[in-house]
Amino acid sequence: MPTINEQLTEEIRVQARKLLADKTVAAVIGYTAGSLPMTVKPAVIRAADDCGRLVWNSFCVLNLANYLPEVLKSVEPPRGPRDPKPTGPLPKVAVMATGCWSRNIVVQIQEHQVERERVVVMAIGSRGMVSRRKVEAHFSGREILAVTELDHELVVKGADFTETVNRWSMVRDNCQTCTHPDPVLVDVRIGAPAADRKNPNPFKQVEMIEARSTDERWAWFSAEFSSCIRCYACRNACPLCYCPTCFVDDARPQWVGKSLDATDTGLFHVLRAYHCAGRCTDCGACESVCPMGINMRMLTKKLNKDVLNLYGIEAGMQPDTPLPLTTYKPDDPQQFIVNEPGSAKEGA
Amino acid sequence: MTNQTSETSKTSQTNWEPKIIAFLCNWCSYAGADLAGVSRFQYPPNIRIVRVPCSGRVSANILLSALKSGADGVLVSGCHPGDCHYISGNYFARRRFALLNNLLDFVGIEPGRVHFSWVSASEGEQFAEVVKKVTDKVKTLGPATRLVKSIDTVQAA
Amino acid sequence: MQVFKLSQAELDSMIRHFGSLGMVYTPAAGKQPSARTDCAPGWQPADGAPLALATGPSATSVKTFFFPQPETMQTFSVKNNYPDRGLLREPETLTEKQIVVGLRPCDARSVLLNNLPYREDPYYQANMARTVLVGFTCDAMCSTCFCDRMGGSPMATEGLDIAVSRLDHGFAAEILTARGEELLAGLKLTPAGISELDELAGRRQAAPQADAAGLDALKERDLNRLYEAPLWQQLGESCINCGACTFVCPTCYCFDVQDEVVRGTGRRIRYWDSCMFPLYSLHTSGHNPRGQKMQRTRNRFMHKLKYFPDRFGPFSCVGCGRCVKDCPVNIDIREVMGDLLTVE
Amino acid sequence: MISYLPYPVRIDDIVVETEDGNLKTFKLVFEDEAQKLAWRHVPGQFAMLSVAGQGEIPIGIASSPTEPDHLLFTVSRAGKVTTALHQMHAGERMGVRGPLGNGFPITTDMKGKNIVIIAGGFAVTTLRATLIYLLAHRQDYGTITFIYGARTPGMLLYREELKQWAERSDVDLHVTIDREAPGWDGLVGFVPTIAGQVAPSPDNSVALICGPPIMIKFTMPPLEKIGWTNDQVYLSLENRMKCGQGVCCHCNVGPKLVCKDGPVFTRTQVNKLPVEY
Amino acid sequence: MNQFLFEMANIRDQDSWVHQHEPEKATAKAKDLVRMAVARVRGEGALPYNMVPVTKSALVIGGGVTGMTAALAFADQDYPVTLIEQSDMLGGNGRNIYRNWKGERFLPFINDLAARVTSHPQISVKFNSAIKDVAGSVGKFSTTFSDGQSFEHGVAVVAVGGEPYQPEGKWQFLHGVNPNVHTLLELDKKFIDQDESLKSIDQAVFMHCVGSRIPERPYCSRVCCTHAVDAAIKLKELNPEMDIFMLYRDVRTYGQRERLYQEARGKGIIFVRYDLDHLPQVSEESGRLMIRCHDPIIDADIAIQPDMLVLATAIQPRAQSAGSLSKFFKCAIDGQGFLLEAHMKLRPVDFATAGVFLAGLCHYPKSMEESIAQAKAAAARASVILAQDAVPAESVTAVVNRAKCTGCGVCTEVCAFNAVSLDDNGLSVINTAMCKGCGACVAGCRSDAVTLKNIGNEQIMAAVDAAFCD
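Residue numbers (the numbering used here), protein chains in the order written: chain H, 1 to 348; chain F, 1 to 157; chain X, 1 to 344; chain U, 1 to 277; chain S, 1 to 470.
Read the hints as simulated data drawn from the structure, not as lab findings. Do not take every clue at face value.
Once the Cα atoms are required to be at most 30 Å apart in a straight line, the calculated DSS-like pairs of lysine-lysine come out as [claimed, not checked]:
| # | chain 1 | residue 1 | chain 2 | residue 2 |
| --- | --- | --- | --- | --- |
| 1 | S | Lys25 | X | Lys293 |
| 2 | U | Lys24 | X | Lys79 |
| 3 | X | Lys79 | U | Lys80 |
| 4 | S | Lys345 | H | Lys329 |
| 5 | H | Lys204 | H | Lys329 |
| 6 | U | Lys217 | S | Lys404 |
| 7 | U | Lys80 | S | Lys404 |
| 8 | F | Lys132 | S | Lys189 |
| 9 | H | Lys85 | U | Lys260 |
| 10 | X | Lys79 | S | Lys170 |
| 11 | X | Lys293 | U | Lys260 |
| 12 | H | Lys305 | H | Lys329 |
| 13 | H | Lys305 | H | Lys204 |
| 14 | H | Lys85 | S | Lys132 |
| 15 | S | Lys404 | S | Lys234 |
| 16 | F | Lys139 | S | Lys31 |
| 17 | H | Lys329 | S | Lys25 |
| 18 | S | Lys31 | S | Lys102 |
| 19 | S | Lys453 | S | Lys132 |
Quick caveat, the model's predicted, so the values are computed rather than measured.
Produce the entire structure from the sequences given, and follow the hints as far as they go.
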């Protein structure tokens with residue numbers, strides 16, 4: 001009896017092969033097997049014969065929407081930087097997408113990075129992706145040489161041990177608190193849809209930090225982010241970070257210094273998160289790819305919470321609603337205004 | 001270590017006076033500040049005004065870089081909602097600031113470092129009041145150290 | 001060369017003794033902010049506790065001690081009333097000894113490799129002069145380790161001042177340089193006996209050896225001919241162009257320079273750059289000779305496997321496997337080398 | 001040991017060169033006499049100009065070693081440092097680090113040869129240095145042909161000097177502009193066309209070409225047509241660079257570092273490199 | 001000197017006068033302010049004074065009294081005017097109103113106005129017409145109409161008017177169900193038609209504020225109180241024995257209109273107050289209207305069985321104000337869909353979009369004479385532009401660095417003037433003629449691709465840094 005992921009893998013291969021063979025799409029963005037346990041390689045498949053390489057498992061932590069704009073461009077007929085866009089229909093690209101990834105695609109569509117009609121979403125209801133870091137922490141220090149995935153367990157092998165762990169307990173925090181695991185865009189359905197999850201409090205971790213004192217929060221922030229080595233993996237793994245020149249790299253003006261001191265790294269992370277405000281779908285790619293294990297997702301999650309509470313918007317869920325920072329309501333909350341009657345800071 | 005250097009050098013001055021950067025919109029709050037002057041409303045001399053066309057011109061980047069440069073406090077002030085000279089600049093600003101304000105609070109920037117206000121061209125007294133309130137608050141917080149950039153002054157001097 | 005025999009307790013007290021000679025750094029367990037603002041995280045000042053090293057290399061490489069992130073090159077003032085306004089000065093050369101304990105042979109070798117391009121660099125040389133390396137050889141390799149394929153060996157001592165190796169009972173400390181010897185001056189240590197020396201030699205012999213043939217094979221490949229090979233396109237397509245590989249890499253050494261001014265006081269710093277970043281090669285005019293991801297990915301591997309060896313001899317890779325481990329998209333340099341050997 | 005510390009220099013004079021105001025020549029004098037005496041460069045080399053608080057930028061040296069009292073740099077306003085430079089005034093202090101790079105082979109390959117210099121736009125700067133040097137050592141070289149083109153008359157650099165050179169009999173000077181312009185009675189046409197018309201025979205000759213890549217590309221066919229080979233042609237490459245001394249790696253073109261192995265390469269050398277410049 | 005190379009350190013109003021008792025600190029602040037101004041102005045460049053030649057003609061949208069008044073104001077100055085009207089008749093809402101509060105009949109006035117408009121050589125009227133597209137900006141607009149024709153004009157006056165609210169929901173009060181329930185305009189129709197049946201009415205009830213001053217329409221419609229009171233008086237004139245009840249929330253017969261109210265009271269019209277918590281209940285009982293309400297003054301429930309119920313319904317904006325029109329002319333609209341002037345006090349008939357003006361009910365509910373005054377004001381303001389050969393465009397405008405632009409479109413969304421759009425390449429372009437230089441796009445741009453001339457990020461930061469450079 002094949003596992004759920006084996007079934008999904010097979011379905012993906014069949015569908016991808018079909019899409020490529022009948023020339024519905026020019027490329028398929030998916031995952032192929034990795035060289036280490038708990039890794040997969042994102043890959044762009046352009047030939048039907050290549051589809052056998054595609055895999056699906058619980059380690060697909062990088063958001064494939066990240067590749068979409070560039071791959072779409074790569075299948076267009078070549079043109080110079082000043083040439084206008086061709087007018088006729090352009091080749092399509094298929095991409096695997098879970099709930100949060102599909103919502104990223106929606107944001108990319110809202111922000112004109114991707115045209116809906118050129119994307120074939122191979123929709124996969126997410127069962128939650130496993131955090132490699134959690135598994136490694138569970139086996140603290142013992143090297144993991146192979147991980148076999150069953151439907152609800154992971155069989156972890158080392159040089160001198162084999163142990164079975166519960167899969168859900170190793171699932172990433174963002175997936176555990178996810179309420180929309182099923183894609184909002186579906187062109188080709190892979191596997192069974194995932195039902196929305198009732199999560200009593202998806203912002204529990206954020207609230208735990210909010211409950212601390214200002215000084216405690218600063219201590220947490222300083223400690224968490226000072227291990228940043230400024231490799232920008234978090235930024236580059238994010239499908240929303242598509243600026244040709246990131247503010248952190250810009251010399252004119254030099255918004256953020258280049259050193260590793262707490263201010264420079266802190267400012268980078270605060271502004272990076274802020275730039276995702278109202279756009280982040282909590283796909284967790286940033287956190288998953290950080291070589292230093294920084295929990296930068298807390299900042300975007302905090303913003304997600306505020307955007308939902310203040311403006312009632314969840315990124316990528318309402319394609320027809322403008323993004324929260326590109327719109328307003330005359331009666332938006334403004335308790336933070338210092339001279340507003342009833343402001344939070346009034347008399348403080 | 002470097003943060004401490006700046007802190008001690010700042011506090012060692014016996015009469016520490018905060019410097020507060022105030023981004024004022026050209027049409028309302030800057031004019032309100034002028035009216036405060038014409039009306040001789042007295043307020044603490046701690047703000048340094050940067051005139052901007054609209055509160056909607058002030059981005060999170062600008063605000064944070066004022067903190068980074070060493071502002072002990074930052075005030076952004078614009079027209080009252082509905083009165084924006086540019087129709088909607090302050091509405092967009094309000095959303096940006098609401099989120100930024102919460103995020104800064106979340107990472108442990110002391111509440112009261114960063115302020116936002118609406119002051120119209122006719123509210124000279126209101127402007128003076130806002131500056132008083134903001135200055136008092138920043139004074140109780142002491143010199144800013146969080147997200148303040150500091151480089152090794154020993155080697156440079 | 002002297003070899004001493006140490007018990008765990010003697011080893012611990014030896015490391016504690018180093019504290020009286022300079023700053024002592026050891027690999028941090030887990031993600032630890034660095035104690036220094038100019039030093040990458042992953043290292044911490046030794047706290048006297050017994051050293052417990054995980055298998056394989058430390059989380060971040062030792063290059064941070066030679067090539068700190070950032071390094072102040074010059075300082076200046078731009079205050080109007082300052083007489084030397086705009087004049088750049090070099091800060092005093094740091095001479096305070098730093099003793100790095102717990103690095104692995106791969107990292108030790110990286111210091112020597114980086115010294116090839118940096119042999120005329122005043123800052124790197126100043127850090128070379130003040131840094132003493134007390135390394136621990138590896139009695140096991142991680143699945144991501146491949147130092148043997150890059151001309152090293154888990155038991156190698158090249159680049160170290162003192163090499164500590166595990167024995168069946170206790171440790172052997174090989175004193176490899178005069179600087180290493182200095183560190184131990186005044187310590188009463190037991191010279192290793194024949195049996196310990198034999199055991200050490202045996203372990204060294206049993207360890208995987210540098211695979212010279214494999215290296216030669218790669219060196220003989222005309223990689224310039226593979227400049228247009230499709231494998232670069234595939235790699236470039238999955239690469240997300242972050243700098244994780246370059247920043248965890250002990251032998252990536254390129255830097256950028258920027259001026260910082262705060263409240264009138266300024267410094268010119270150099271800091272790690274990454275050839276993975278589009279801005280790395282961007283001209284002011286907007287033209288970018290390596291504007292595509294594929295070009296940058298290719299450049300990184302070509303630099304390590306072709307340009308650097310052409311210029312200096314050895315490959316610019318010590319096989320620590322950090323990039324393999326930390327790459328978000330599982331680009332594995334071992335696979336790349338394999339492909340380069342086989343692709344036509 | 002290499003040094004990253006710029007020499008302190010004072011801006012002695014600033015000349016606005018072009019009608020758009022975007023090119024200025026900075027005349028710099030050393031603050032320290034010993035540093036001035038120690039400075040040695042050859043035409044074709046560059047230096048890092050440094051403005052404290054803004055950064056450094058590599059700029060070709062426009063003055064010849066035979067003008068020992070000062071250094072000249074013609075700077076186009078483009079990025080952060082050059083914009084800051086353009087805002088500076090005579091009397092202000094800045095820094096110069098160098099000389100860097102290899103320069104033209106004035107004492108080796110060029111010696112005793114006929115020299116053809118082909119310049120387009122503001123890439124003429126190091127070629128000005130070269131020409132001044134050649135004229136100062138006139139007897140060491142054969143004929144000198146200097147071809148220089150700009151978009152408009154107002155975009156020509158060193159206009160006073162161009163007039164002086166035009167009057168000399170020992171330089172064959174051809175100045176051209178892209179299109180007819182009022183008040184211009186000189187040559188009209190693109191540099192490659194003019195080069196094809198006036199370039200001498202390749203016998204015992206060396207050509208130095210600096211200009212935009214497109215100009216270089218189109219200049220070669222007319223030269224090749226009359227027998228020039230790639231070995232005789234020297235080009236100066238540009239790439240983003242930071243250290244200028246072969247360490248930081250930014251400027252690599254394949255295995256070559258523009259800052260150290262160049263910026264001057266023969267066309268034969270350039271053709272062997274990947275197009276990463 | 002080019003005015004854009006000027007920067008002021010505001011030492012007087014913002015320093016010496018407000019810190020009179022702290023001279024030392026004020027001096028330190030003055031030094032900072034000067035340093036900041038210098039740092040900022042260093043980065044500035046001379047900006048061109050952009051001039052746009054003016055096409056000396058006007059477009060007036062809406063053929064009601066307001067639009068006709070504006071058109072005549074232009075035409076009488078000899079400017080060619082195109083007046084477009086969506087129906088086949090001039091006059092608009094005015095045709096449905098019996099008389100004004102002074103007792104003057106509307107219809108003759110409107111017919112006279114319409115005759116002057118249609119016969120004026122400088123006015124061309126387009127009936128059954130709407131706007132399809134608008135290009136250009138102040139000084140030179142080009143508007144295409146639904147018939148495909150287009151018209152070049154230097155200014156435009158928007159006078160599309162409003163419309164009566166059609167009662168619905170809990171405000172329907174059997175309107176459209178019971179034949180004796182009318183809106184005010186329906187009653188006016190009977191006046192105009194001299195409907196004799198009105199004389200036989202014994203009892204009438206007027207309900208005020210139908211659809212006004214409620215959450216969906218929080219504003220007061222301003223004219224309905226006067227209108228209702230006047231209509232009640234007219235009924236009394238027709239039949240002095242008629243019992244008339246006015247169910248009101250607050251009476252707004254402002255200014256001289258107060259006399260009408262007094263007259264009504266004098267004529268025995270009974271005013272009964274209601275509030276939103278005690279909405280009068282209207283029902284049919286054995287074929288007759290039954291109104292039950294609570295009189296707070298006598299604190300008693302009362303029931304009336306009138307022969308006629310008249311609803312003073314709200315004035316609401318036309319859908320096209322908030323729709324195509326605001327899009328074409330970049331007009332701001334308020335929360336209810338009324339068009340929004342640039343500044344309530346300083347620029348009351350201007351739109352924020354230069355060269356476009358507004359008057360009449362599309363702005364907010366107002367009386368006919370106010371609409372007429374506003375129409376004249378709008379035409380006068382617009383004529384200031386037409387009188388010039390060229391008008392200056394904003395010099396401090398946004399500019400896009402295309403190398404940094406992602407084409408995400410945030411700038412286009414936050415621009416209140418529709419000055420930003422995405423081009424064929426999907427990258428942002430600024431129409432500098434429409435840009436006002438507010439910088440909303442600059443602050444919204446994550447990639448720093450947009451900047452504002454002379455108020456760039458680098459300059460603001462330089463000014464800030466200078467404050468700490470002492």
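For each hint, the structure was consulted:
1. S/Lys25 to X/Lys293: violated (55 Å)
2. U/Lys24 to X/Lys79: holds (26 Å)
3. X/Lys79 to U/Lys80: holds (19 Å)
4. S/Lys345 to H/Lys329: Since the Cα atoms of S/Lys345 and H/Lys329 sit roughly 23 Å apart, the hinted pair holds (cutoff 30 Å).
5. H/Lys204 to H/Lys329: holds (28 Å)
6. U/Lys217 to S/Lys404: holds (29 Å)
7. U/Lys80 to S/Lys404: holds (16 Å)
8. F/Lys132 to S/Lys189: violated (61 Å)
9. H/Lys85 to U/Lys260: violated (42 Å)
10. X/Lys79 to S/Lys170: With Cα atoms ~72 Å apart, X/Lys79 and S/Lys170 exceed 30 Å; violated.
11. X/Lys293 to U/Lys260: holds (26 Å)
12. H/Lys305 to H/Lys329: holds (18 Å)
13. H/Lys305 to H/Lys204: holds (10 Å)
14. H/Lys85 to S/Lys132: holds (26 Å)
15. S/Lys404 to S/Lys234: Judged against 30 Å, a Cα distance of about 69 Å means the pair is violated.
16. F/Lys139 to S/Lys31: holds (22 Å)
17. H/Lys329 to S/Lys25: violated (42 Å)
18. S/Lys31 to S/Lys102: violated (64 Å)
19. S/Lys453 to S/Lys132: violated (34 Å)
Against the hints set out earlier in the document, violations occur for numbers 1, 8, 9, 10, 15, 17, 18 and 19.
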